[in-house]
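Undergrad: The residues making up each chain are set out below.
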Amino acid sequence: MRDFYGTTLPNGFMLGTAQYPSPAILADAFERSGASVATVSLRRESGHDKAGQDFWKLIQDLGVHILPNTAGCHSVKEAVTTAHMAREVFDTKWIKLEVIGEEDTLQPDVFGLVEAARILTEDGFQVFPYTTEDLVVADKLLSAGCQVLMPWGAPIGSGLGLNNLFGLRAMRAHFPEIPLVIDAGLGLPSQAAQAMELGFDAVLLNTAVANAGDPALMAQAFALAIKAGQEAALADPMEPRDMAAPSTPVIGKAFLE
Amino acid sequence: MISATIIGAGVAGLCVARELCDRGAKVKVIDRNLTQGPHACSWWAGGMLAPFCEGESAEEPVVRLGQEAADWWAAKTDAVNKRGSLVVSMSRDVSELTRFARRTDGHQQLSQARIKELEPDLGDRFAKALFFEAEAHLAPRKALATLQDRLKSDGVLFEEEDADPAEYAQNGLSIDCRGFAAKDDMPTMRGVKGEMLILSCTDVTLHRPVRLLHPRIPLYIVPRGDGIFMLGATQIEGAAGPHVTARSMLELLSSAYALNPAFGEAEILEIGVDSRPAFPNNLPRIQRKDQLIRVNGLFRHGFLLAPAMARMVGEMIFENKTPEVMDEAAA
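Going line by line, the protein sequences match chains A and B.
Last residue of the first sequence? That's 239 in this note's numbering, and every number before it is there in order.
Last residue of the second sequence? That's 388 in this note's numbering, and every number before it is there in order.
If we strip away everything but chain A, and leave its shape as in the complex, we get (with noise of 0.2 Å):
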């Protein structure tokens, strides 16, 4: 397992904290999964407020990894005073940064993001850069400090699954030092097991687990799922090939009419 800005995580699985349909659930889901990391998104209004505190100490209780995000901001100014807000809040350099750029898809603004990761890890912060599949631009936000990059899956709560295999294999193995974790898109586990298969180190989901039916044990599956992908990378799986290859030798057996 790589380390995330020198911490270990005993497993690949981060998991949102929104729109579960209520705090029990949520506690549920994350004893179930065992995830070893919760986002939790900030908006700038809250976290001044005696009533705004009890969500935090809920998501602060569940004993994981906090990685506060900057989830709806869209300009650079506005992720860097919520990231600075959450540092307050949760009293941590982590921050998951995203700058959006369009509404329908919830795509970065990659040139925002780069400049704001910038900003931040100048002032002591550990990004982690919610990105696309885009080489270059995980070239530059890595010369801006980065040292996590988080391409998308598809666009944010889609469910879609990996949709660029090209782009997110050739990420893999230009930068294969680098920890990388799928942000976004997920629907199913067995696409989180196939971004582990890729060789990727984490998945970071929401949606996926908290619109389930049974969040808790959709956050099993994807648990077991997020296993079985890791493993299957670590064990080195076989190269597919055109032609069928038998598993057993056919020659010297005896062949009856």
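Just to be clear, a hint being listed does not mean it is correct.
[Stated by the list, open to error] Derived DMTMM-like pairs (lysine to aspartate or glutamate); straight-line CA-CA distance at most 20 Å:
1) A:Lys39 to B:Glu224
2) B:Lys346 to B:Glu381
3) A:Lys39 to B:Asp241
4) B:Lys240 to B:Glu224
5) B:Lys139 to B:Asp283
6) B:Lys378 to B:Asp347
[As the list claims (entries may be wrong)] To give an idea of the interface, some chain B residues facing chain A are shown, with a C-beta separation under 8 Å as derived from the structure:
7) Gly248
8) Gly282
9) Glu294
10) Pro337
[To be verified] Here are the in silico distance ranges between beta carbons for each label pair:
11) A:Asn145 to B:Tyr314: 41 to 49 Å
12) A:Pro(-8) to B:Thr379: 36 to 44 Å
13) A:Glu159 to B:Ala184: 50 to 58 Å
14) A:Leu170 to B:Arg149: 19 to 27 Å
15) B:Asp283 to A:Thr(-11): 45 to 53 Å
16) B:Met383 to A:Phe157: 53 to 61 Å
17) A:Met220 to B:Asp181: 51 to 59 Å
18) A:Ala6 to B:Arg89: 50 to 58 Å
19) A:Leu142 to B:Lys346: 48 to 56 Å
20) B:Gln292 to A:Tyr(-13): 53 to 61 Å
21) A:Glu85 to B:Gln166: 26 to 34 Å
22) B:Lys85 to A:Ser57: 53 to 61 Å
To be clear, the hints were calculated from the coordinates, so they are not data collected in a lab.
Computed from a predicted model, the values in this text were never measured in an experiment.
For each residue, glycine too, the CB sits at the ideal point set by N, CA and C.
Guided by the hints, dock chain B onto chain A, whose structure is given.
TA: For chain B alone, coordinates are given in the frame of chain A:
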């Protein structure tokens, strides 16, 4: 004769008062502000009595207990409209409608022709809808005012005071129905921020509540009659600023505009914001310690669940029956 002091004159307190009064108890209701108004969470209620729709995200007790609500309110206030409720989605979000249908009971699929019959102002815009025929809605402010007036004429005393329920429990039965104001006495309770708007729009007529499904911004709109509509409601964890944010307002209004562009001409009469009291499982609870009973955590289901909560309080006091939502850990 049993006598009880109820602290809190919101939807929970008034329903409990009604129930105990009907069972012959001598009841007094105390609130720090007896005028119904924007200081109370109930003031901003949507007034949907929609237990089946709520089943999409709420747990089983909400669906079951909520089915008591429409008849209870009809009997006690005459403020109820039993015309069902309608659920629609924009065509690009049709998977939301499929999911909603799969997760709920008590609905039928409507064709466009049927939608046009039920709601002529929506029929051209939506090809599919779910109709929950057994659901109802009410005008919450009118319902509470009626409840309070009738209680007064039945001899229930109302007093204005910032009272501590624990103090009243020293000398008799005390029932804490203060909602989020009881936060310091119920540490696991949290506030879930809700924002809503009241619009006036004479260009649109709706006969029943309509929910517009959306993956990020679900909206409901409840007709209050006379061209008045309630538009709600956001549900934001970890935030309870005293004001509506620009983003929430934009989202609510653009959803209304999507439902029918004529809402673009609506006038905004009121802007509401409040904290819904909720426990971690978002289900209501009753606690009892000797003479002190606390009823709280009705979350977004105040009008829907208060009648069942009131019934349980009545059964507990008069029949010694343990409520199914009893919080034993707090005893």
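Undergrad: Now tell me if each hint is right for this structure.
TA: Status of each hint after checking the structure:
1. A:Lys39 to B:Glu224: Roughly 30 Å between the alpha carbons, so the hint for A:Lys39 and B:Glu224 is violated.
2. B:Lys346 to B:Glu381: Distance of about 16 Å is within 20 Å: holds.
3. A:Lys39 to B:Asp241: Since the Cα atoms of A:Lys39 and B:Asp241 sit roughly 16 Å apart, the hinted pair holds (cutoff 20 Å).
4. B:Lys240 to B:Glu224: Satisfied, since the Cα-Cα distance of roughly 17 Å is no more than 20 Å.
5. B:Lys139 to B:Asp283: holds (17 Å)
6. B:Lys378 to B:Asp347: Roughly 15 Å separates the two Cα atoms, so the pair holds.
7. Gly248: holds (4 Å)
8. Gly282: Hint on B:Gly282: violated, closest Cβ of chain A at ~32 Å, above 8 Å.
9. Glu294: Check passed: Cβ of B:Glu294 comes within 4 Å of chain A, closer than 8 Å.
10. Pro337: Status holds, d = 4 Å.
11. A:Asn145 to B:Tyr314: 41 to 49 Å: violated (31 Å)
12. A:Pro(-8) to B:Thr379: 36 to 44 Å: holds (43 Å)
13. A:Glu159 to B:Ala184: 50 to 58 Å: holds (52 Å)
14. A:Leu170 to B:Arg149: 19 to 27 Å: Roughly 21 Å apart at Cβ, these two residues keep to the hinted range, so it holds.
15. B:Asp283 to A:Thr(-11): 45 to 53 Å: The hinted range 45 to 53 Å is violated for B:Asp283 and A:Thr(-11), with Cβ atoms some 60 Å apart.
16. B:Met383 to A:Phe157: 53 to 61 Å: Given range 53 to 61 Å: holds, Cβ gap about 56 Å.
17. A:Met220 to B:Asp181: 51 to 59 Å: holds (57 Å)
18. A:Ala6 to B:Arg89: 50 to 58 Å: violated (31 Å)
19. A:Leu142 to B:Lys346: 48 to 56 Å: holds (53 Å)
20. B:Gln292 to A:Tyr(-13): 53 to 61 Å: violated (33 Å)
21. A:Glu85 to B:Gln166: 26 to 34 Å: The hint (26 to 34 Å, Cβ to Cβ) holds, given that A:Glu85 and B:Gln166 are roughly 30 Å apart.
22. B:Lys85 to A:Ser57: 53 to 61 Å: holds (55 Å)
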